[in-house]
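**Student:** As they're listed, the protein sequences go chains A and B. No gaps in the numbering here: position 276 of the first sequence is 1392 in my numbering, and each next residue is one more. No gaps in the numbering here: position 68 of the second sequence is 76 in my numbering, and each next residue is one more.
One or more hints might be untrue.
The following label-pair restraints were derived from C-beta to C-beta distances [to be verified]:
no.	chain 1	residue 1	chain 2	residue 2	range
1	B	100	A	1385	33 to 43 Å
2	A	1124	B	124	13 to 23 Å
3	B	101	A	1385	49 to 59 Å
4	B	328	A	1300	33 to 43 Å
5	A	1241	B	289	48 to 58 Å
6	B	216	A	1362	49 to 59 Å
Just so you know, the hints here were simulated from the structure itself, not pulled from any lab data. Model, not experiment: these values are computed from the prediction. Note that the Cβ used here is the ideal one computed from N, Cα and C, for glycine as well.
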Amino acid sequence: MGSLGASQFVDLLVGGIAVGCVYSLVALGFAMIMRATSIIHFAQGELMMLGAMCGLTSLWLLPVLPLILVVAVGMVSSGIIAVMMELFVYRTLRRRRVPIMNIITATVGMSILCINAARIIWGSEPLRFPELFATTAYEFGGVRISPQLFWIMVMAVAIMGGLQLFLKLTRSGIAMQAVAQDPEAAQLMGANLTRMMAYTFAISGMMAGAAGIMLGSMFFAFFEMGFITGLKAFVAATLGGLGSIAGAMLGGILFGLIETFSTVFLSSAYKDAIGMILLIAILLVLPSGLVGLWQRRR
Amino acid sequence: MTISPDPAAARIGATRWVTLLAVAALIVLPWLEADRFVLHVFSLIAIASIVAMGLQLLLGCSGQLSIGQAAFYGIGAYTSALLTTKLGLPFPLALLGAGIVAAVASLLMVPITRLTGAYLAVATLGFSIIVYLVIKNEEWLTGGSYGFISIPRAALFGFVLRDPMYSYYVNVGVAAIVYLTFVRIQGSRFGRAVNAIREDPDAARACGLRVTLLKSECFVIAAFVAGLAGSLYAHEVRYLAPNDFTFWKSIEILIMVVIGGVGSLAGAILGAAVVVGLPEFLRGIGDYRMLVFGAILIATMLFGEGGLAAICTTLGRRLGGLVTRLTPKPAGTNESVQ
């Protein structure tokens, strides 16, 4: 399709990366929980939705709240909810050494619980966020970028960078990585397993909450928004290589780009299908995701 | 008291009695409870239990986690609807055709049975999303979002099953056939080989089992029965909409298997009864019913490890123990019969 101008191409690219950043943030949560506990956390999308809802509620109560605080509210509330899930349900399940399938099913139950609680609390109408961003486009060397997408990308990069620093530089971060790799050895070295698991869920929830605010401000916030986004993020995490943090970030952005470009170039009705076909193809060739390819090369 | 009764034999005997009782209850039910809606719900439970048993074979026996069974269910439903309306095939042929088409569709996916765990789950999920989108977008074939309307009722040998009682018998009958077949499969050489694969794929391969082939066969069988169930569903409800075959449906099927108890066929049926029946039962509390359903799901996982099947077995054993303790034993009747 040669009719596409350079500016339209940039628009698509930016839009794809922005949506991809949202997927990356949710996928990061999937990857961290998968690494630490090897469960597929199906309620991850719902954490995102609850973050969006809580952020929106804080805006209703205090309309002057700046963007950064709205994101903070979303992150904190999702983080708290995630820790509660871990403390009250998942931890108990793990202690009883129930089969992994039962824990995964419990996360599905958690997701059903969250969706329906949100529907009762916030209603089933899509809710629009008030204008959080400047409306005049920024110009970077002749390329115009909408402030919304720009700030979403900046925030996502900042949050993911912050997470990397936390994991690499702080004692807790290193302990979390150790617990994910070998819980028993880490425990022998003095890492507090219970606390590290709670941290893992807290961070996963916070990532999801931030993603919720971003996605909600791009489109709408409504009770079912988490489900399909959660699925896509899960696919993105797999695309990158399950349980790998770099893979989840990469996979998310890639998935956002694939989705955006295939909508325009191929078919909007089948935009989700194209991502899935690609996913199956990649899994067949590289059963351990993109990160597996990179590790094999080294 | 020279020979103690063999507990395994006793258990098999008990299971046989429970099965017989259940069969009798299912046969008598329409005569006791003439309400059409109740019979309809029982039909839906029978249909759901067929898909659930298929997934049980896949997950419980061969250890493959599929979260895309709704795809084969949907393929079966639409195939059967198309065969009866467009080609005018009779219902039994359409039923078989639905199973076969679903099985053939699953052959497309056979390469992914090389994947394990979460990767297999994601791949099946992807497949089910593709199938959903095809159903939703190909209006010329499936009616798209408007749905597929005016599907004929099930008919056997020219006799249209107009009364919900007859379709109830058909649905429950097919479910029973699938159950019995699967019981045979589990006990067969194939079933034991598949179990060995779940326990330890490497050891099974070392014993000369063709692991990938056996896993693929399970996949195809599960798809075949899902197709059958889809066909039954199409003729029971007589209206198909793409939203009946979303990813949620796959999740529901998975919940049936896990809540019933992974590895137990009877558990899959119990799970289907709970997942289909409970929301109907909770209809009275309106908006809160799915909230309660989610809570019950979590609670079942918290308090019942092996699912409903294990809970029932424990209850049965306790009850049995109670009965034997309470019944006065005339000297040497129970123990020495063996």
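**Student:** So, for every hint listed, does it hold in this structure?
**Tutor:** Here is what the structure says about each hint:
At about 35 Å, the beta-carbon gap between residue 100 of chain B and residue 1385 of chain A stays in the expected band of 33 to 43 Å. Hint check: residue 1124 of chain A to residue 124 of chain B, Cβ distance near 42 Å, so the stated range 13 to 23 Å is violated. A beta carbon spacing of about 32 Å between residue 101 of chain B and residue 1385 of chain A contradicts the range 49 to 59 Å that was offered as a hint. The hinted range of 33 to 43 Å is satisfied by residue 328 of chain B and residue 1300 of chain A, whose Cβ atoms lie roughly 40 Å apart.
The hinted range of 48 to 58 Å is not satisfied by residue 1241 of chain A and residue 289 of chain B, whose Cβ atoms lie roughly 29 Å apart. The hinted range of 49 to 59 Å is not satisfied by residue 216 of chain B and residue 1362 of chain A, whose Cβ atoms lie roughly 41 Å apart.
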